[in-house]
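So the protein lines, in turn, are chains A and B. Those letters in the first sequence? Residues 37 to 407, per this note's numbering, in order. Those letters in the second sequence? Residues 407 to 727, per this note's numbering, in order.
It should be emphasised that the hints constitute simulated quantities derived from the structure, not laboratory data. From a predicted model like this one, the values you see are computed outputs, not experimental measurements. Possibly wrong hints are sitting among the right ones.
As the list claims (entries may be wrong) - Straight-line Cα separation of at most 25 Å, DSS-like style, residue types lysine-lysine; simulated pairs:
| no. | chain 1 | residue 1 | chain 2 | residue 2 |
| --- | --- | --- | --- | --- |
| 1 | A | K303 | A | K220 |
| 2 | A | K274 | A | K302 |
| 3 | B | K472 | B | K485 |
| 4 | A | K137 | A | K203 |
| 5 | A | K189 | A | K140 |
| 6 | A | K189 | B | K629 |
| 7 | B | K485 | A | K140 |
| 8 | B | K629 | A | K143 |
| 9 | A | K143 | A | K203 |
| 10 | A | K137 | B | K629 |
Claimed, not checked - Calculated Cβ distances over 12 Å to all of chain B for the following chain A residues:
| no. | residue |
| --- | --- |
| 11 | G87 |
| 12 | M126 |
| 13 | R360 |
Said to hold, decoys possible - Some but not every residue of chain B turned toward chain A, in silico, with C-beta under 7 Å:
| no. | residue |
| --- | --- |
| 14 | P499 |
| 15 | G503 |
| 16 | D576 |
| 17 | V615 |
| 18 | L619 |
| 19 | E624 |
For every residue, glycine included, the Cβ atom is placed at its ideal position computed from N, Cα and C.
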Amino acid sequence: MSAVVFSGVTKSFGSTLVIPNLDLTVESGSFTVLVGPSGCGKSTVLRMIAGLEDVSSGRISIDGEDVTDLEPSSRGIAMVFQSYALYPHMTVAENIGFGLKLGKLPKTEIEQRVLEAATTLQLENLLERRPRELSGGQRQRVAIGRAIVRQPKVFLFDEPLSNLDAKLRVQTRAEIAQLHRRIKATFIYVTHDQVEAMTMSDRIAVMMDGEILQCDAPSVIYEDPDDIRVAEFIGSPKINILPIEHNEGILSLFGRSFGRVSSVIKKDFFQMGLRPEALCLSKSDGMLSGSIVHVENLGAEVYAQVDLTDQDVRVTFRASPAERHLLSLGALVSLRFNPTDAMIFDAQGERQRSLEFSEAKPLKIAYDVYG
Amino acid sequence: MSMVESDTLQWSLRKENKQARTAWGLTAPALILMILILLLPVAVAGMLSLTNYSLGNAGFDWVGFKNYDRLFSRSTYEKMFIATFTYVVVVVPISMGLGLGAALLVNSIGRLGDIYKTIYFLPVMATLLAMAIVWEFMLHPTIGVINQTLEVSCGTFLEFIPFLAYGCSDGFPLWLGDRDYAIWVLCFIGIWQGFGFNMVLYLAGLTAVHRELYHAAEMDGAKNAWERFRLVTWPALGPTTVFVVTISCIRAFQVFDTVEAFWPQGGGPNKSTYVMMFAIYEKGVQQNLIGIGSAITMLFLIFVMFLTLMQRWLVERRVHY
Chain A
37 MSAVVFSGVT KSFGSTLVIP NLDLTVESGS FTVLVGPSGC GKSTVLRMIA
87 GLEDVSSGRI SIDGEDVTDL EPSSRGIAMV FQSYALYPHM TVAENIGFGL
137 KLGKLPKTEI EQRVLEAATT LQLENLLERR PRELSGGQRQ RVAIGRAIVR
187 QPKVFLFDEP LSNLDAKLRV QTRAEIAQLH RRIKATFIYV THDQVEAMTM
237 SDRIAVMMDG EILQCDAPSV IYEDPDDIRV AEFIGSPKIN ILPIEHNEGI
287 LSLFGRSFGR VSSVIKKDFF QMGLRPEALC LSKSDGMLSG SIVHVENLGA
337 EVYAQVDLTD QDVRVTFRAS PAERHLLSLG ALVSLRFNPT DAMIFDAQGE
387 RQRSLEFSEA KPLKIAYDVY G
Chain B
407 MSMVESDTLQ WSLRKENKQA RTAWGLTAPA LILMILILLL PVAVAGMLSL
457 TNYSLGNAGF DWVGFKNYDR LFSRSTYEKM FIATFTYVVV VVPISMGLGL
507 GAALLVNSIG RLGDIYKTIY FLPVMATLLA MAIVWEFMLH PTIGVINQTL
557 EVSCGTFLEF IPFLAYGCSD GFPLWLGDRD YAIWVLCFIG IWQGFGFNMV
607 LYLAGLTAVH RELYHAAEMD GAKNAWERFR LVTWPALGPT TVFVVTISCI
657 RAFQVFDTVE AFWPQGGGPN KSTYVMMFAI YEKGVQQNLI GIGSAITMLF
707 LIFVMFLTLM QRWLVERRVH Y
């Protein structure tokens, strides 16, 4: 069962086309995160689901019903806003129950449902307070309470954590994920923060320039991206991109061949993506060498940036704390990688899986890669 | 042990004393200036209001509350109160409503709004005294543009409007010279001149309304613009409204320029526009009756003080969330 379906949706503001053509299916009960850099149109997509923004063409359906022309309040959805958008002149209880009041529900039922939502979110003691008397985290929970109380089919979250401090953000992240498991509704969550996307969701849709580049499980998005933009956006520190050359099956990096694949393409240039954890220090001569220019020690792991010798390229690699003594600034290091970890993209950024090594083709791993 | 304790105690007391002296020393200039130029004049006015002093007289007699007694017993002052309160009660709500309406409209139209903003603000920037003279020309009973325009309607179907029919047969109002119209003309000019100022205040207030609140209201089921206004805009404008009401009231109490320009002698036909500020001027300056002038001034101050305290109370209790 699909909760939200976009079919051929476009959106333009005046003459600016922000969503060229969107087809998206969000499964019922899933936690889908729309992630992308600011200005990519992710909030617009969310607001179109909410009905706060009209579509220029195409249809949107929620739970099998076409809602394209319905009012926001009759779509069976609820939204949590970035600024929480609580009514400042109302108490917490009034804020939570206001939608029900406008929906003309009996007073006793409103009170009961408000209390229920408040208990779920541990707000029982704050019901008589005004928003200004609450902390950021409490306001956040009131905003979620206002959504829960409507018992919607779909919850929409528009960057709800961006106004919280770092510590509270981690805690609220877990709370929202728990809430999703408990009430089993569909959650659609917009963020520009890839950590939120990776940790909370069961599906991630990576958006850029108004189109969805890939929509998959977080592990697939990270380990097996279809597009170089997805690979570059997800992952911190950023993935290393190196130019490689392909000539009749031979792959070479900076003039050194490192593998052979069964391909008949004559001569062409590609881009190779290597996650920082795919690179490691090599005692003998690895494929890459250069000098360390910056070290970031995160305690459990260390990231070091290396300017490659004779190349205008900087790569980042992950080292274990035990190797920290090798990572002094300016030190010359040699790096190696396992070619099966390399992702290969063409010049347009599209993934070229046919040119990659896989565990199933061990023979093609070049012998001189391991240091 | 106790010696030591009393020593430290004395030492800390001395230190406190020294700090207090320094603090007083530093605040003294501001304090003295404030007393000299703000509080002392009020006190002197309060004192003079209990005398029959005239400027140039060698001495004066204490008359107790006779001046105040006069304010509440003579018909001239009754007219003064009626004129002042009529003006305040008419001008404040209307200029506030128009200001809010204009602000909402200007706010909703984007770039073109700047032009409207400037136009509506023009009367505020103009000198009221100069504008009053223009109004006087326009309102002239025979050669004024207003009555001439009204005369055009004579003989047309528009005559079914009683006001026009009456005007065509018996002559149009004298406006400034007519005791039934004078105060309303005064109010009209006051509104015309003042609402642009309220609009600017409301525009500033509107910038503080968060856009997401409107979306939240829409999600909650507030379907039309009126519901969204009632639910989001109006509560958010609470502090602005209190400020606008207070400042408009004070400005309305202070109306003087137009009255002085239109009726330099005596405050309008049958004293129908004899507002407080003009009365203070007439008694205290023109007629050199400092005692009664001061009494009106004190009363004026009490009204304004009352309004200001009301604002403080409202702001603290009601409208700040």
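List of violated hint numbers, smallest to largest | 1, 2, 4, 7, 9, 11, 12, 14, 15, 16 and 17
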